[in-house]
Each structure stands twice: as structure tokens, then as C-alpha cells.
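If you read the protein sequences in the order shown, they are chains A and B.
One point on numbering: in my numbering, the residue at position 272 of the first sequence is 272, and numbering is uninterrupted.
One point on numbering: in my numbering, the residue at position 494 of the second sequence is 494, and numbering is uninterrupted.
Derived from the structure by calculation, the hints contain no laboratory data.
Check the hints yourself; a few may be wrong.
Since the list can't tell identical chains apart, any single copy or any two copies may satisfy a pair.
[Said to hold, decoys possible] In silico DMTMM-like cross-links for lysine to aspartate or glutamate, where the CA-CA straight-line distance does not exceed 25 Å:
| id | residue 1 | residue 2 |
| --- | --- | --- |
| 1 | Lys163 | Glu63 |
| 2 | Lys208 | Asp130 |
| 3 | Lys459 | Asp471 |
| 4 | Lys491 | Glu63 |
| 5 | Lys398 | Asp369 |
| 6 | Lys237 | Asp369 |
| 7 | Lys398 | Glu375 |
| 8 | Lys64 | Glu497 |
| 9 | Lys547 | Asp334 |
| 10 | Lys398 | Glu472 |
| 11 | Lys547 | Glu249 |
| 12 | Lys521 | Asp118 |
| 13 | Lys208 | Glu88 |
| 14 | Lys163 | Glu61 |
| 15 | Lys21 | Glu380 |
| 16 | Lys237 | Asp258 |
| 17 | Lys30 | Asp482 |
| 18 | Lys547 | Glu63 |
| 19 | Lys470 | Asp361 |
| 20 | Lys398 | Asp473 |
| 21 | Lys547 | Asp118 |
| 22 | Lys398 | Asp471 |
| 23 | Lys167 | Glu152 |
| 24 | Lys285 | Glu380 |
| 25 | Lys64 | Glu341 |
| 26 | Lys167 | Glu200 |
| 27 | Lys357 | Glu380 |
| 28 | Lys16 | Glu497 |
There are 2 protein chains.
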Amino acid sequence: MKVAISQLNYHVGNIKSNCTKILGAIENAKQNNADLIVFSELSLCGYPPLDLLEKRSLLNETEKYLEIIKNNSNDIGIIVGAPRLNSESGKNLFNSAFFFDNKELVSIVDKTLLPSYDVFDENRYFQANDNFATINYKGEKIALTICEDLWEEQQDIDKFVNKNLYKISPMDILIKENPSLMINIAASPFTSSKNRIRKEVLANKCIKYNLPLIYVNQSGANTDIVFDGNSMVINSKGEVIKQLIDFKEDLQYIETKDINSEAPNERDLKGHIELIHDALVLGLKDYFTKTGFKTATLGLSGGIDSAVVCALAAEALGNENIRVLLLPSQFSSDHSIKDAEDLAKNLNIKYDIVPIKSIYDSFENSLSDIFAGTEFNVAEENIQARIRGTLLMGISNKFGNILLNTTNKSEAAVGYGTLYGDMNGGISLLGDVYKTEVFDLARFINKEREIIPINTIVKPPSAELRPDQKDEDSLPPYDILDYILTEYIEKNTSAEEIIANGYDTETVNRIIHLVNCNEYKRYQIAPTIKVSNKAFGQGRRIPLVAKY
Amino acid sequence: MKVAISQLNYHVGNIKSNCTKILGAIENAKQNNADLIVFSELSLCGYPPLDLLEKRSLLNETEKYLEIIKNNSNDIGIIVGAPRLNSESGKNLFNSAFFFDNKELVSIVDKTLLPSYDVFDENRYFQANDNFATINYKGEKIALTICEDLWEEQQDIDKFVNKNLYKISPMDILIKENPSLMINIAASPFTSSKNRIRKEVLANKCIKYNLPLIYVNQSGANTDIVFDGNSMVINSKGEVIKQLIDFKEDLQYIETKDINSEAPNERDLKGHIELIHDALVLGLKDYFTKTGFKTATLGLSGGIDSAVVCALAAEALGNENIRVLLLPSQFSSDHSIKDAEDLAKNLNIKYDIVPIKSIYDSFENSLSDIFAGTEFNVAEENIQARIRGTLLMGISNKFGNILLNTTNKSEAAVGYGTLYGDMNGGISLLGDVYKTEVFDLARFINKEREIIPINTIVKPPSAELRPDQKDEDSLPPYDILDYILTEYIEKNTSAEEIIANGYDTETVNRIIHLVNCNEYKRYQIAPTIKVSNKAFGQGRRIPLVAKY
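My request is simple: use the sequences and hints to build the entire structure.
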């Protein structure tokens, strides 16, 4: 049986456009005499559809376009993912795989294990399946599963007890029917460690069940969630014999009877920073493509965060679509302006310099009575940041450029950013990238030529909101800060445990206090492209008024 | 059996403080010779604990304080809600009711039906219970359930199919053991229609099972979620014979053998607007109490939204804790300043007038080259709103006053607000209150004397960001707007259905388009106190880049 593996970039909610893509791939597969074409999980509506699933109109549209897909299944089998009405008690929908052939619906498989952690909320919408059967097709007996159904052994990052997250394993049930092939359709989002883990998990399944696997993921990003593709075919020994491209659409073919005889052919794993780079570029590009915007703006401070965002944006959107402002204040050092200008010139992007002192003076003047007798403090610092935010939003509103947020994860974590100021922006590129990783990204961006000025990389980071301010005056060195943050945010390690690992008690307690008391700022930040195991945003929900 | 019904206001995550409250109520109940005291769902950790439940340290603390509560169960039975470790496969925790007596754990009931819709995400954290037993105690056979377990018949607001949301009914199982009494512990949040519905659902259960019910809810607010209390005792005929106070803590006693002989004693239902008023005042008060802040600020425009927020804040926090700014521009009408001043005087709150023209001129001047050749448009309008936002945040940062957001639900829905401008604020009071309801709230606030100037109520609403601007120049009348919004947002009614109900096609399509294309603004708005069936915020999750 010749199987077409279709790895597409779906636009969430845009069923008509997704269907057009799907029909194009079917046509291609027919011309290549494929017996079966496989699309990924919820391909027709895109992932994650979230509360669009609560709209009956979305389901109606899904049903309409499924009919069209079914009518294109002459001469080819089609497996496509879509929501399906549950007419019995329980949640309204199933998360289903529809199997069409010869213009008929030949089988439906519903998802059993519904991930409900981090960014996943499938229990909110879907009823869990509880009946299981393999599918006979063109000489193969197929065990068809949906994403998590083949990934029931979740890591216990919560350090509670060592146990399975799920009470059943769909594949343990299906194996009793002696299938000849596993097919898994997925919507498996990118994290910088996911590539490696995903391959291990899937390979172990092939070994455990002594079966080959065709694994179909999607590529592309929907707001904060990036899909890295990397669909693959694994033989019964757990060796990857075919791997689709990462971060792009792809269509490849496999002859099932050859899977166990073909030579292993696995790409080398990209490095941590290259993966983050690729995910951010795709995430940004798709944010613009899918919202219909073309041009971006941001403020260049001469610092590393805005430099990295600018370079990534130029790569994702084209330098001609970026317009930046340099917004120096009386506290900006000479090198800041020069570094920012050098970057703009290196990238060949349009920039304007708008000094903020006269606007700041007008604020100071207007507030002089009210602020009389008080010291210069965070209030005046933040006014500068908010003037910059207002000027940048002026560009955004006047010319239709989306403002890019430049906050990194380390500063978002400890609240070193001004709400309604430098935390402004429609999408956050670095909000899930620690400061130490931002430096690595800058070096990666510079690997062929100096795009980001070396001085931007080597000088000590500073917000430049008062004279001679340096980040490390009030924060520990970034490698220590990022270690503490990773443990606390991504692994739920307690202060006591981090201290027991040899970190300074006062530092650890202070950093954790800062993380906790700045939840309110992050609540209002832009959506953040997720690259780590735990990003700020929809996948992390801390009650704001909590004391703990 | 004499039962103490303890309706307390819990602080989420603040286990030590919650435990102290619980112990105080136990002491009171002992002095009143109660046989049993009942606390509400997850009382020890507060509701909703969200991802704090992923911290092992929170569970450790819970276990420690449960031990203390257990050791206070000499001479009294205690039912208290808390998370509990699940050491078998499945989610890490159960949502449990612990029954202590005589310093021993005599029984545990785990929650079966885990709401996962709107603001609820219990499947994210909890494993569902699947074993059931009544509890014999002091001559009663108690069917003890937790919140949703007695509320399995959910309304089908999604218009999918008419069916039950859950596959089982815990009480249908427990009734087979012939219990003599139902006890339900709840964390049932306020909505303006919940009082009525809740009483009906519970009364119907009493009638169905021919059993009396002791229902224990909590009071108080945690960020966006308000608990209205209204714990009650219902007899086997479905009549309320005792009802605890609404929106406050309360402790009352009931002799179980008298439930079916006592006379019905149900409070009159408060009106829709009075309920919203009470919920907002409590929500705001608790936001400040639980975050440890005392003082608030906001801008008074002379319009109705800021006037209503100001009046509610003065009631919740005390007039001496509010400091406001009047921020007139060249487009502000004379009456705006007078109306705002009148309000400040009526409430006896401190105010300053800071005209924004000179700051606006400095922005215009700084942007003159960049904006050269363009027309005055939304860019300039928004700069005014952002100047105001920056000045107000200056007060907030300088004096520690939390900025109150004044956006109402109608304008948040259609995106008639400036991000990083008038959409600023730490907490939104009116973000779930439609404009038509804001007018009603103003009249309600004025019921005894004129607090909000009549002119503020009767003049046509305007953002005053350009000459002679009026809301209704570009929006339909607010009663029509609010109808369309309610249907679309709260009931997922499609455009076609709303039009079929007799509304103008172009208007309906335009409003729905505005709602959809402004999701990005609401993503960054402050947490919003929920009073409707569907508030913007955590309970409504629309993918930002979606097309639908």
C-alpha cells in the first residue's frame, strides 16, 4: 500500500481554506497513485480551535466540507481529522479521524486520551472514546490512533507520584487484533526538547508493539502554538526511515511493505538555539500571514532584546516590511543610539529617531504639582517607557504596522518591564526565551556576518531609565537567574529544593517573590510564541490574588 | 443532629489564613453544641486554585493543615474541602471532602463530575471519582456530594443537541443506599441569573430524591470570580427553609430532624442590577483586600462608565481611598469637566485636573515629520487616550493606587477602546456589564440621592477624541447592540439566526465582525469581574489568528 503523508500548515477556523489545501494534496496523491493519503489531527479546522468548537456553525461548516472531501475519495483512501457531533450524553464533540474511500465513509476513530494540561484543554470540548477497532484496508490491518492516544506515558514534571497520567492505553487494546501497521495523526506542538522526546516515545511504541508507524504531524503556527512538522515513518525496530521536513509543509510517499526493509534515514537533530530560531521565525511569519498583516514596527534601544526581535522579524517578514523607531532619552548612552543605527543599517530597514525628552518634560511639567515633594522613582522611569510605547503605537495605528513585543522571558518573569510601555505589542517573540538564550540567539543570527552589532552583545544589559542603571545591579547574573526561573516555572521546584541545590537563600526567595508578585503584569502581555515546556500565557494559569 | 453551616470567604492559595478562619468557625460551632460543621468545596485552598494545584508544595501544606483541622474534631464532626493526592494512575489529585470526627478521618468523598467549561478547568487537575458510599453519622445516613455532582443536568447553551453533559449521576447511585439527608459542598460562582437557577436545580433534586438538602457555598471573590454565598437548607418538598446571607460570610445552624417540619423561609430574589451591583462591590473589595492594596485611582471623563466605576469603588474601598484625575483635552466639552467635578464632590473624593493638551502637542510635534501628509485619524485619537493612561499609571506608580479599568462590555466587545490607553487598569469592573446595564447601574446608585450627575446619565455617550464625536454615530443604539452581543457572545447564536430574529443584516454582520477582529485587544485587558454567563477573560478562549 502506497501512503501519502501530507504535512500541511492549517489556519485555525478557516475551514474553507484548509479544505482547499487538503483537496490539493489529494489531487497530488492521486497523480502519484497513492492508495491512501493521511492528514493530521483536526486538520480541517486547524489546531487549537479552542472555543470555536462551542459554535454550532463551525461544526456545520466542518460537516459540509467533510462531504466534499469524501466525494474526492474516488481512487484513494483519505484519513482526515475533524470534530464530530456526539449525539449521546457527554461533551458535544469527538476529536475524530474520518476514513473515506470510494466516496464512502468507511470508518471513524475517535480520540480516547484527551490532553488537559499546559496549553491543552481537550476535555473542555471533547468526549473520550471508549470503543476500539482496527481497520482493514488494501491488505493492511491498521491501528489508527490520534496523537495522545499513542503517547499515554506522560513525564511527571510535577514531581507528585510516579504513575501514568491515563488509566488506559488505546494501543494496548488495539494490539490484540494483531494489526500490521500503526498510523497516528497528530497536532503535536513544538518545544525545543519535543523533537527528541517525540521520536523516542514513538520509536519505543514501534519496538513495544513490533509494528511500523506512519506518524503525521502538522506544520505552521496558530498564534502562540508552533507545529514543527517532522512527520515520520518508523520501522518495527524503532528506526526512522523517512522524515518530513521541519517547520514547513511537505508531502511524501511510503510503500508500507517496504518500511521494514528500507535503510534508516534520520536527520541529525538541530541544536537547541537553531530550533528556537526556526520556531520563532515560523511563529512570527504565520501570525502575520494568518491575521492578514504585512508590516511590523518596534523600538530599537541598542540593547540585545530589540536587536534579536528585529533580526528575526526581518527574516520572517522581509526587511522592507519593518519600520523601527529609535527613541533615545536623556539617560540613553551614545553607544545605544549608534548600536541601534548600526543594526538598522545592517538589516537595511527604515528607521527614524524620535528623542523623547521634550515629551517627557511635558509630562513632568503637567505632573509637577501632583508629584511635588516626591523623589524620582519607578513612576518617572515608567513614564519614559510609556512614552516610547505610545510613539510606537502611533506608528502602528497610523501605518498599520503591528508592534512587536520585545520582552524576554527572564524579565517577564521578574517583572522588569513596564506594563503599557515596553511590554506593549501584538505578539511576543522572546517572551518564552530566557535572557541567556537571547544572547545565544544573537550569536546564532550573527553566524555568517555581523548583523547584530557586537557591542550590543557584549555590553552589560541596561534598561537606561535612570543614570548608570544596569540589570545586574538588582538581579543576580543571568545564568543564575535563568536557572532559578527554569526550576521554578517549568518544573514547579520549590524554593527549598532550589536552595538545597546550592543556591543563595536570599536570592532564590527574592526571585520567586518577584515571579509571584508580577503575575498581574504577565496577565496583560501579548500572546507569546511557546518554545519551552512552560511558557507564560494560556498554558500557565496562576490566580492573580493568590497568596502562596 | 445539629449542623453548623459555615459560609466563609477564602483567599485562594492562602492555606494558613483559610485554616485560621475554619478553626474559628469550628470553635464557634462547638460552643453552640453543633454535632457537625460543614465547610464548602476546596475551602482550605480557596477556589479556583488553578495551576497552584501543580505545586507539590501546595499539597504538602494542605496535608499539614488538614492534620490540624482533624485534631480539632474532638466533640464535633467536620466536613472540609481540599485537594487530595491520587497515588494511582490518572491525574495527580482528587477534589475531595474530608470528614473528620473525634480526631480521626472517618470518611473521604471525591468529586465525580469535574466541570470543564467556561471558567472551570477541573479536568486539568483532578481525577474523577468512581466509587460511591453514604456516611452514617449521629443517626443520619448522609449522601455527601461536591458541587457539580448534584448538578449534572447542565443547560445546553451551545445549541448542539439536547442531552446530558455527564454520563452518570452520583446521586442516582447514592439514593440506592436510602440516605436520610443530602449534603452538598460547593464553590458555585455568581452570575446574575445563578441565584434563581441554583435554587431551582437544588429544589428539584430534593423533590426527585424526596430528601432534605444542606447546601454549603462560599462567599467572597478571587480576582474575576465572585462567590455569592446563599448557602441554604431545602426540605424534601423543595422548599427553602433557611438561607444564609448573600455576598458575606455567615454561620447558621439547623437541626436535621426539624428540616421537614420548619416553615419555608426564602428571601425575595434581588433584582438583576442590584445583584450585579453587589457582586461588583464585593469583587472589587476582595481584589484589594487579597492583594494587600488599599487605594485606587481612575480617570473621570464626565462619562457614565468612569462615573459608575468611581461610585462603586468609593462604596467598596471608601471615598478616602480613591484619588482621581480629570484629564480634559481640546475635544472635551465643558459639561464633561463639570460633570466629573460634580461626581468627585458628590462622593467627596480627592481629584486633580491635568489638561493633556501640552503633552499632546509635544507628541504631535515629535511625530510631525513621520506623520507629515497624513490625516488626523485613529492614531491621533489613541495618543490622547494613551497620554491619559500614562498619567493615571503615573499616579499608580507614584502613590501605590491601583488603576481601575473603566471599559464596559459593549465597548470591549466591539473594540471601542484604546489598548494601553483607556483599556489600562489592574482590574475591570464593568468589562462584563453591557452599556445598557451601566445606565441601569447608574440609576441604581442614585436611588437615594444624586451621586452620579443626571447629565452624565442623560447625555449621549462620547469618547470625545475628536470634535462632536458620538458613540451612536458609528454604532447602533445600545439596546440593539447589546442584544446582538448577548446572543453572539453568551449564546453562540450565529449571524444568520440573529438576522432571522428580525435584525438588520448589515448591522449584525458588522457588529460580529468587530467582535471577532478585536479579540487581540481583549487578550491584553485586565481580569474582569464575571457577572454574566460568559465574560471576556479566562472563561472564553478564542484563537487570535483564527478566521471564521
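Consistency of the hints with the structure:
1. Lys163 with Glu63: Cα proximity of lysine 163 and glutamate 63: across copies only (20 Å, versus 39 Å in one copy).
2. Lys208 with Asp130: So lysine 208 and aspartate 130 pass the 25 Å test inside one copy only (22 Å; across, 31 Å).
3. Lys459 with Asp471: within (11 Å within a copy, 50 Å between copies)
4. Lys491 with Glu63: between (41 Å within a copy, 21 Å between copies)
5. Lys398 with Asp369: So lysine 398 and aspartate 369 pass the 25 Å test across copies only (13 Å; inside, 33 Å).
6. Lys237 with Asp369: For lysine 237 and aspartate 369, neither the intra-copy (77 Å) nor the inter-copy (67 Å) Cα distance is at most 25 Å.
7. Lys398 with Glu375: between (36 Å within a copy, 9 Å between copies)
8. Lys64 with Glu497: between (55 Å within a copy, 18 Å between copies)
9. Lys547 with Asp334: neither (44 Å within a copy, 45 Å between copies)
10. Lys398 with Glu472: between (37 Å within a copy, 24 Å between copies)
11. Lys547 with Glu249: between (46 Å within a copy, 20 Å between copies)
12. Lys521 with Asp118: both (20 Å within a copy, 23 Å between copies)
13. Lys208 with Glu88: Between copies, since 23 Å is at most 25 Å while 35 Å is not.
14. Lys163 with Glu61: Answer is between: at 22 Å across copies they meet the 25 Å cutoff, but 40 Å inside does not.
15. Lys21 with Glu380: The answer is neither: 52 Å in one copy and 41 Å across copies each exceed 25 Å.
16. Lys237 with Asp258: within (14 Å within a copy, 71 Å between copies)
17. Lys30 with Asp482: neither (51 Å within a copy, 51 Å between copies)
18. Lys547 with Glu63: For lysine 547 and glutamate 63, the Cα distance is within 25 Å only across copies (17 Å; inside one copy 47 Å).
19. Lys470 with Asp361: Classified as within; 24 Å inside a copy, 33 Å across copies.
20. Lys398 with Asp473: Between copies only: 22 Å across, 38 Å inside.
21. Lys547 with Asp118: This pair counts as both: shortest intra-copy Cα distance 22 Å, inter-copy 24 Å.
22. Lys398 with Asp471: between (33 Å within a copy, 22 Å between copies)
23. Lys167 with Glu152: So lysine 167 and glutamate 152 pass the 25 Å test inside a copy (9 Å) and across (23 Å) alike.
24. Lys285 with Glu380: Answer is neither: 36 Å inside a copy and 29 Å across each miss the 25 Å cutoff.
25. Lys64 with Glu341: Answer is neither; intra-copy 53 Å and inter-copy 58 Å both fail.
26. Lys167 with Glu200: within (22 Å within a copy, 36 Å between copies)
27. Lys357 with Glu380: Close inside one copy (12 Å) and across copies (20 Å); limit 25 Å.
28. Lys16 with Glu497: between (51 Å within a copy, 21 Å between copies)
Of the numbered hints listed earlier, those contradicted by the structure are 6, 9, 15, 17, 24 and 25.
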